[in-house]
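Let chain D serve as the given structure and place chains P, L and F on it in line with the hints.
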Amino acid sequence: MEIGLTHYLVLGAVLFGLGLFAMISRRNAILVLMGIELILNAANINLVAFARYNGLGVDGQVISIFVIILAVAEAAIALGIVLNLYNNFATVDIDEANTMKD
Amino acid sequence: MPYTTILFYVLAFIIVASAVLVVFNKNVIHSAFALFFTLFAVSGIYVLLRADFIAITQIMVYVGGILILLIFGVMLTTKITDVELKTKNLNVVPSVIFSLGIVIILIFVILSTKWNIRMAPESEETVSQIGKALLTTYLLPFEIASVVLLVALIGSAMFARKIKD
Amino acid sequence: MEFALQKLPLVVLLIPMFSFLVLAFFGNKLPRGGDWLATTLLFLNLALSGFILFVFGMTGRYELNLEWFNLGNNSFFGMQKFFAGFQIDALTAVMLVVVNAISSFVHLFSVKYMEGDAKYKKYFSYLGLFTFSMLGLVLTNNILLMYVFWELVGLCSYLLIGFWYENKAPQEAAKKAFIVNRVGDVGFFLGISVLFLTIGSLTFSDIFAGVEAGKLAGGTLTAAGILLFCGAVGKSAQFPLHVWLPDAMEGPTPVSALIHAATMVAAGVYLVARIFVILSADALTVITFIGVITAFISATIALTQNDIKKVLAYSTISQLGYMIMAIGVGAYSFGFFHLVTHAFFKACLFLTAGSVIYGMHHVQDIREMGGLRKKMPITFYTFLMATLAISGVPLTSGFLSKDAILASTLAFADINGGITILVPILAFGVAGLTAFYMFRLLIITFLGEPKNKEKYEHCHESPVQMTLPLILLAVLSFFGFFSLNPLSADHGWFLTMVKMPESLLAGTQGAMYHILPLEEFEEHLHHAHGTAMILSLVISGLGILTAYLFYYWEKINADKLAEAIKPLYNFSLNKWYFDELYDKTAVAFTMGISKLSGWIDAKIVDGIVNGSATFTRGISKYSGLFDNIFVDGIVNLTGGLVGAFGLIFRKFQTGKIQTYIAFLVFGIIVLYFVFRVF
Amino acid sequence: MIEFKLLGIGILSWMTFLPVLGMIVLLFMPRSAEKYIKYVAVGFTALLVVLAAVMLSVYDPSKAGVNTLSGFQFVEKLTWIDIPAYLWDGRIKIEYFLGVDGISFPMVLLTALISFIGAIVSFSIKRNEKGYYVMYLFLVTGMMGAFVALDFFLFFVFWEIMLLPMYFLIGIWGGERREYAAIKFFLYTFFGSAFILLVMIGLYFSSKDPETGLHTFNMITLMDPRTIPADSLLGALNVTWRLIAFVSLFIGFAIKVPAFPFHTWLPDAHVEAPTAISVILAGVLLKMGTYGMLRISWSIFPDGARYFMVPIAIIAAINVIYGALCAMAQKDFKKLIAYSSISHMGYVMLGMASLTTIGINGAIFQMFNHGTITAVLFTSVGVIYDRAHTRGLNDFGGLANKMPKYFAVLMVAFFASIGLPGLSAFISETFVFLGGFKNEFIRTVAIISTLGIILNAAYILWTIQRLFFGTLPEKWNELTDINPRELISTVPLLIIVIALGIFPSYMLNLMTTSVNTLVNFIWGIN
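Chains as they are written, first to last, in this note's numbering: chain D, 1 to 102; chain P, 1 to 165; chain L, 1 to 678; chain F, 1 to 526.
Isolated chain D, as found in the complex (with noise of 0.2 Å):
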């Protein structure tokens, strides 16, 4: 069976799906930020692919690029809060971090 489109769309949902599962179910803020980029690299996967299969031509990659630097500046952000959250939390741990509830 020749490898197509729906390869790659599939095997972006099954990323898809781990990296959201290890947004909402982990508690480690630094391994939600891994999920985050798991999700990213899925849709990254996802707008290459049509871009090969869709006779998109170079916009599809052109758009991955722009998520990428997305990624990194997320990335960068993210950490910082994390770093933040340590300082003020002494954890990393984002239940902790509920002080929005009451």
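If you're looking for bench data, these hints aren't it; they were derived computationally from the structure.
Given the structure is predicted, the values throughout are model-derived calculations rather than measurements.
Please note that a few of the clues may not be correct.
Just the calculated beta-carbon pair ranges, DEER-fashion [stated by the list, open to error]: (1) F630/L to N87/D: 51 to 61 Å; (2) L78/F to D52/P: 24 to 34 Å; (3) R177/F to Y622/L: 22 to 32 Å; (4) I657/L to V93/P: 14 to 24 Å; (5) P61/F to Y622/L: 56 to 66 Å; (6) A644/L to N116/P: 44 to 54 Å; (7) S32/F to L596/L: 50 to 60 Å; (8) K584/L to I183/F: 51 to 61 Å; (9) R177/F to D117/L: 39 to 49 Å; (10) L596/L to L214/F: 49 to 59 Å; (11) I183/F to I629/L: 26 to 36 Å; (12) I488/F to D117/L: 44 to 54 Å; (13) L198/F to G640/L: 35 to 45 Å.
Virtual Cβ for every residue (Gly too), placed ideally from N, Cα, C.
Same frame as chain D, but now just chains P, L and F:
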């Protein structure tokens, strides 16, 4: 079975397996290392998709940048010796259900959709094409992205700084 | 000659207008308020109109028609144009002279009579406006324009009756005159509308042509005729709209002479004469009876009046009734002839009355007078001349016209028979009554002993500005001006010029006299002439004799007789109670209904509006309560429910971002199923 | 389709929005220049008169207008609102569409003239002049706009715009019961507007422009029977709905006219309004009702006009007679004139109900004449009220000698108002009645309403008597005669009244072509 197919399945396996490790590993450092494999394999997928520039970028930015950043983060916040193992999260069951659910839905949708497949013209020159696109059609987002990066740079520096008062 | 008929009438028309405008706007700057200007212009006008009459005698009818405005080509009338123009025919030419003559005499007379009045200047400007309107009325060839001028003379009449508006009586009289005239005018207007809608043009010649062509016939024609006649009823003070004219005597006496005796009130007669050719037999019958009833009623009223002007006023109404009747019976030219002769002698009578009032320092009650002959000889003799004329004594102009009319009534009765015999009977009766009450007036005023010594002593003959017009008018009451034959005017210039036209309806309707061919009518007339002359002489003689018996020789005591027939006397003295009747009915009804509708409007119609506002406010009050208790209750309940749910759902608000993401994902899944399934 | 532009902007836009410009100028005038405010306002309204004169010199009376775009003059047509199609509805396109024809042009002239006169009359306002004139100019914009708008939506906007300043003008600068009168006026007219709005929307959704296929508010397109498909709500097949729409529109306009029994706001509003506002109210505002009927009801629902001509004529006759009777019962001078307005507007409606050329010509002419004459009458009421501070007719007497010029002015106006020949109202009333007699269905009604002629004369003469005749009461010895400013605000109108009475063709020529076209259109004759 053409070798690209084999390659794809290999890469897919690496991606999924390492991602599973990332997600379920209790040791954050291990997760970070597993993530390294994932990202690498994804760049392989990009190569399969003939997006050479993206593949390179993936390796350079993700593997060379973000991952290092993450590891630094891990190391700054965790004492490697006493690795926290408390994953007694109540969310596991709903998380699994939701994530599985959405994956199933996505796959179902992907499979049931009739995709309009048009192969992109084979071109060796993706780099120059991307360059042109970035400096013509996507000039504004490109510039904005650079500003965003700058802001992120300053912002993260601000956050990370310990406020002494 | 061409110019004389083409442009001169316009000049004649506009000269009084000029006089009016100059006096109205610059009167204050002119010496003596510009009376000399107005008077001179009017005499000039008289000369011009005399010239027009002369020219007309040689060249004949002339008409000028100009487009006034048009309504374009439309689906109802086709090309609809309204014209304005004038025509010179016998009626017009004669009327021009009459109006200008009397107007100029009255101007002259007023110079002294009105001297010292606070509104002297205004008075002359009003006279100018009136003369303009009256000339317009007689000149126009168009019934709509005639209506225009018709209303304008009404306005002038209103202004001049109410000239001394500081007093109550002139105000009321002016208002009454205008409103009563309006009633007639509405009829006139409706008549014009009928003509317009059926014939589509309002020019007299078009109207006549239209009737001849049968565009308007039968009942509609009769209705149109009677409606048009309504205008004449109002303006010429015919029964039942005659009530305004006696009251109109509140105006200055020269005005009464000009407007309410000689010219304006004759406009009605002029109108009927104008439209004579299209009047149907039935319409003419109505006209005849209205005329004769008016003549009779007012003659009986005149018998007992004690105000010198009131007597003259009723005699005017009576004479107007005569003219109307004359035209009604078909004596078109005689009726018009009487209009002219009457204009002169009645103007003379009024001006002499003015002279008397002037001499007596504004006393009008004849019971205060007496023996004035010695003090005011010129006034007396001119008055006598005019009285003889109105009584129909031979050698006067009045004899010529009146006799001819009486003969016509006889001919009328002769042809038609039956009930129409009443017409000559009443007509002759009125002739006798006229002679009686005019001589009663003459005797009580000028002869006998003075009743009020003090006033008598201060009495004096009027100055020459006043006596000159009197003399001129008295002279014009001689037969010689109209005919060389003192017994019949048939071959005089007047009746040669004003020929009776053949009715356009000849031979089409019924068997009435005037529908007979003209010759046949004239034959009957000829038969009646001798009888009429003798009868009328006898009857006027009797009237005069009786007057002398009562008041000069005092063989019969008038007061005792009055006492003996008290109800009849009162009936006459109180003018047949017409005013009271109208006050009690029409006026009271209108005022009542006006009050009622004012009340309805303020209380009921507006009440409903305000009521609905109050109602709405009431509703709003209750709906406010409802709102507070029920609607707001529901709202509060909702709030409470929401709160309760909130307490439950609060559990979900963990403040943990991951929980939220989980819900987000859950939401996505749900949405997927929603869109998928539904 | 004549276009006429000044500085690139159509003259009708100038006419409509010049007052707004004036408003802005007034708003920016410094406190120190307060005493010049009224002159600025007069200047702007005078400009309107000048523009109107320019229009008059260019106007081509041979063009018909009514239901043909090419017959309109000074047309301006721009897209105003254009909302692209949404899921739930098609494209909404509303035009800024101005133009005049023989029906609206006399009204435009009247509006310019009366606005100018009203601004002069307003000099007697002493309190918060700036606010007053700002509102006044705004009002002028509303009125002018309503007369020149050819798009129903735009018309409605102007129609409503005009309410607001009127409310404030009565409510702030009015007499004792001003709030009551202002609220009554506002609510009543608003009530009417609701009916108009209903029909407007109904028409919109029923219409389908044959060219573009869109719903439309364009009045001229709406007159074209092809625009409203026969099976739509207000289409030819739904006779009942069309008649209901006609009645609804009629009520909306009748309130403005005002027609019996919707007239009671008028006396209150008049009595409480300041003089100049009464002048505007009677001079222009009332005409918007009758104009609206001609322009919208009669033209878009000719079937309704034909169906209801008898009831409308009866309402008109009630207006004539009942108005006159009520006027007779009044003791307040201003209220009397207000009721006489009701009576005279009855003539207008009668002429329109006749659906004949002559009647409608008379109606439009009567609208113009009533505007000029009543303006003089209300100004005159203001003259006496400013001096004596009372309007009670029974308080006066003998003013003729005390105020001779005032007497002269008012006499002309009074006699014009009772339709004395030689003055303009005579021609129009005559036409109205001729039209009424011509239409055999309403002939009887028309004949009955001639009673109004007599009643009008009666109450006017009685008023003259009570005001001017008799002796002057002691307390009025100090009264002064009418002053030059007041003469300026009355005499020009009287000159127009007299001139049109003698040469009516100057006015009639402007409208005959359009009226002929309109009547033909109503009866379906081509």
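We went through each hint and held it up to the structure:
1. F630/L to N87/D: 51 to 61 Å: holds, 57 Å
2. L78/F to D52/P: 24 to 34 Å: violated, 56 Å
3. R177/F to Y622/L: 22 to 32 Å: holds, 27 Å
4. I657/L to V93/P: 14 to 24 Å: The hint (14 to 24 Å, Cβ to Cβ) holds, given that I657/L and V93/P are roughly 19 Å apart.
5. P61/F to Y622/L: 56 to 66 Å: holds, 59 Å
6. A644/L to N116/P: 44 to 54 Å: holds, 51 Å
7. S32/F to L596/L: 50 to 60 Å: holds, 57 Å
8. K584/L to I183/F: 51 to 61 Å: With Cβ atoms ~44 Å apart, the hint is violated.
9. R177/F to D117/L: 39 to 49 Å: Since the Cβ atoms of R177/F and D117/L sit about 45 Å apart, the hinted range of 39 to 49 Å holds.
10. L596/L to L214/F: 49 to 59 Å: holds, 54 Å
11. I183/F to I629/L: 26 to 36 Å: Roughly 28 Å apart at Cβ, these two residues keep to the hinted range, so it holds.
12. I488/F to D117/L: 44 to 54 Å: violated, 32 Å
13. L198/F to G640/L: 35 to 45 Å: holds, 39 Å
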